[in-house]
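Student: Below, each chain spelled out in residue letters.
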Amino acid sequence: MNARALNLLGLGLVGIFGLAFLILTPRVAELDIVLELTIYVIMAILALSLALIWGYGGILCFGQSAFFGLGAYTYAIAMFNIGESTIPLLLAILLPAAFAALLGYFMFYGRISDVYLGVITLTVTLILFNSVNSTAGPEFRIGVARLGGFNGIPGIPPLNYPGNKAAVIDLEGMFHLSTAALLATYFGLRLLLASRFGRIIVGIRENERRAELLGYDPRAYKLASFMIGGALAGLAGCLFANWGNFVSPTIFGLAQSAQIIIWVIVGGRGTLVGPIVGCIGIQWLSTALGANQPSGSLWWTKLLANAPLILGIILIAFVLLVPKGLVPTLGDFGQWLLRRRKHRIAASLKPKPAEEG
Amino acid sequence: MDLVVLLAIQVLYAVASLALISVGLAIIFGMMRVINLAHGEFLMLGGYAAIVATSQGVSIWISMLVIAPVVVGLIGIIVERAIIRFLYGRMIDTMLATWGLSLFLVGLTTAIFGNTTVGISAPLGSFQIGAYRTSAYTLFVIAVAAVVLFGIFAVMRWTRLGLIARGTMQNANMAAALGVNPPRVYAVTFGVGAALSGLAGAVLAPVSGVFPTIGVAYVAKSFITVIGGGAAILSGTVSASALFGTINQIATFATTPVFGEVALLAAAIVLIRLLPQGITGRFFRRGL
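Quick mapping for you: the protein sequence lines, in order, are chains A and B. Its first residue numbered 5, the first sequence is counted upward by one per residue in my numbering. Its first residue numbered 293, the second sequence is counted upward by one per residue in my numbering.
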């Protein structure tokens, strides 16, 4: 089988699995599980946004949660002011993209190196966290929406079907919508990466100088992919604000940013399925470790429930031992198996040296 | 007039504390090109070391100025041997691994000390400037920063150790050919950087209190100071601290502390856009 056929087979499998997941899950699973799966799916969109700009674009963004939080806050504030969800949803995508454009202009056109980029995006996240955190007073309001500071914004109205304020999307609808958004994001990114634009951003990741000498402007391409990443993170933020009907400044926090990085590292940079797998796996793990906590439990079960501790160990272990991430490593292993089999078959087919002489 | 003196002391204090929390990071980054995202947690550990030692009956001065740096320095050497040394030359992987370390340390200290703020009261009382009173501890922090900066200068400039360190950082292969053992120099440098971070965390502990996630409050400020400063360790740290500390304190004075911090971070982003190589990339180039 050649690479192209394998590629199509992979796409088809993801599509079939995704559709089956979308249609079957609410029929077979209890509502609480559907709710749990919805948040995994929303976070997977966030993971994909970083998978694009870091895994393919080579932009080390430590502040993806800034766009995520901005999307969530934009949706919440616009929703209180407008009341019909079409425009808030669009704003929650456009505003983070515009913010990414502004930030990206400073960083890419200033020709800041990778490492500084990480630090700057981290700093921006902290600025947002600090400033939103301190807006608890009643004087901080945008239109009729109070920002709420460290208390967050509770009771955010859910999305409705476009044009009809009364037709609110229910929990099952949210699951369908989020899963459809994830699938659309996945296939959209696959298309994007197969296009000329996608080839160029990967080329820039591999060797920026060479791409530049071939006549492409890396700054513009990086800026464009950064904006797409910001828009996707904003979409995820909007869905997140819907899911819990609540946002608080912690979604700008370092812990949130670290999680996104960990999903991509664990799943594998330079793949799209990897970060989805990493995201769902890590979240499932955190939930499973945190949930089973009988009171007065042993000290080591308490340590296991300590999310930062476990996430930290996972991050260190993956960087040191599995730097490529799970999916590429499994892929390498599979190829190695295939190659070995081929060699063995080739060896058995080889005519034995003639003995009669 | 009194107000001017008071404001001057506050600005000087902001500059000194910024220099103090950044200098350990500047040594590790400037000499080894390692970005240590667990830097904030080293400061946090220094604070805990001082507080635990004090509560065991050790004099507060000894626990701050001796025990905290020694403990955190040893932790630094362990970290360098266990994690960092496998990642030299892979800058991004080092950042990620140290971020993992930072999460790990936050989790660990939360498990041990709980998620609450512990503090020690600042010694030295207060003194009078005209109509205002201010804490004498402020002056102590300024003095510690001055001594630390001068100490680094003296060691780097006038001792054999400093010569070996500078030589190794400039050209490790050449240093190795001349009989120096670069891995050991790296381990010691990392340890010294960590020790200075521990000292800073301990000295600032009476001011801010200590809790497991306090590192977050430090890490962004110290990073932008180091990056804003640029390649030269001492002149970079001093000039960037002076700039950012002044902006921070004046904005704080005019509005609120939160806005002061936002002004500091925003100024840093603009500065890096204007001078991507940091202040010492353009000015004070021959500095240490």
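Worth flagging that the hints you see were computed from the coordinates, not collected in a lab. Be aware that a few hints might be false.
Stated by the list, open to error - Quick partial rundown of chain A residues pointing at chain B, CB under 7 Å, derived from the structure:
(1) 106
(2) 112
(3) 114
(4) 130
(5) 131
(6) 135
(7) 159
(8) 180
(9) 323
(10) 325
(11) 334
(12) 335
(13) 337
For glycine and all other residues, C-beta sits at the position ideal for the given N, C-alpha and C.
Student: For every hint, state whether the structure bears it out.
Tutor: Outcome of the hint check:
no. : hint : result
1   : 106  : 11 Å, violated
2   : 112  : 11 Å, violated
3   : 114  : 4 Å, holds
4   : 130  : 4 Å, holds
5   : 131  : 5 Å, holds
6   : 135  : 5 Å, holds
7   : 159  : 26 Å, violated
8   : 180  : 34 Å, violated
9   : 323  : 4 Å, holds
10  : 325  : 10 Å, violated
11  : 334  : 20 Å, violated
12  : 335  : 20 Å, violated
13  : 337  : 21 Å, violated
The structure does not agree with the numbered hints 1, 2, 7, 8, 10, 11, 12, 13 stated previously, though it agrees with the rest.
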